[in-house]
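Let chain R serve as the given structure and place chain A on it in line with the hints.
Next come the chains, spelled out residue by residue.
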Amino acid sequence: DAGITQSPRHKVTETGTPVTLRCHQTENHRYMYWYRQDPGHGLRLIHYSYGVKDTDKGEVSDGYSVSRSKTEDFLLTLESATSSQTSVYFCAISSTGTYNEQFFGPGTRLTVL
Amino acid sequence: DAKTTQPPSMDCAEGRAANLPCNHSTISGNEYVYWYRQIHSQGPQYIIHGLKNNETNEMASLIITEDRKSSTLILPHATLRDTAVYYCIVKDTGNQFYFGTGTSLTVIP
Chain R
6 DAGITQSPRH
16 KVTETGTPVT
26 LRCHQTENHR
36 YMYWYRQDPG
46 HGLRLIHYSY
56 GVKDTDKGEV
66 SDGYSVSRSK
76 TEDFLLTLES
86 ATSSQTSVYF
96 CAISSTGTYN
106 EQFFGPGTRL
116 TVL
Chain A
50 DAKTTQPPSM
60 DCAEGRAANL
70 PCNHSTISGN
80 EYVYWYRQIH
90 SQGPQYIIHG
100 LKNNETNEMA
110 SLIITEDRKS
120 STLILPHATL
130 RDTAVYYCIV
140 KDTGNQFYFG
150 TGTSLTVIP
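Chains as they are written, first to last, in the working numbering: chain R, 6 to 118; chain A, 50 to 158.
Calculated cross-link-like contacts (lysine-lysine; reagent style BS3-like; alpha-carbon spacing at most 30 Å):
#1 A:Lys118 / R:Lys62
#2 A:Lys52 / A:Lys118
#3 R:Lys58 / A:Lys140
#4 R:Lys75 / A:Lys140
Here are the computed distance ranges between Cβ atoms for each label pair:
#5 R:Leu118 / A:Asn102: 45 to 53 Å
#6 A:Asn103 / R:Ser100: 22 to 30 Å
#7 A:Ser58 / R:Gly68: 27 to 35 Å
#8 R:Glu106 / A:Asp116: 22 to 30 Å
#9 R:Thr91 / A:Leu129: 30 to 38 Å
The set of hints was computed from the structure by calculation and includes no laboratory data. This one's a predicted model, so the numbers in the text were calculated from it and none came from an experiment. A virtual CB, placed ideally from N, CA and C, is assigned to each residue, including glycine.
Chain R extracted, bound-state conformation (with noise of 0.2 Å):
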């Protein structure tokens, strides 16, 4: 598997809270992705970033914000959860070039109270 680790695997918040989800990437790969994954809706893209302070938005980017200050780590936030945030997210990486085929992560399950 790729060198992908998420942080926290499981958290459990109350609406109002402000979350952060950390995506760690052994791999030094170029571009990282923020998916959320619903039932019925499969994975839509929240951010992602082509490089160290590089960002843009997906099509699902409303009550999220991202930053990377190192290649390695692309963080998540969520300034004030809701419940419409209850999801499971998944980071991904890829390379440059053509074929960027992405690696996902094992995902984080957060619970919005």
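Frame of chain R; chain A shown alone:
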């Protein structure tokens, strides 16, 4: 941005070939077809990808029709461990994958 259509579920007998279809009738010339699978609640796993030609690797074969409007993923000898949700994804040289809801494959003993 639904670019692909897949059957929601399929069954396959253990040891037989599993053929998973995907329609991508709006695919453009520079878009690749990727296949991933997700076992239970794990992160998706890359299987194979292709542009025009058929492709084969240690996991599967990918057959793309000549007009590129559809493709088939073939698992030559399905095992119980191949039970998973399989996603067919079409994307250009950008970095955004659009996952649909995939095909839930059940391999039956």
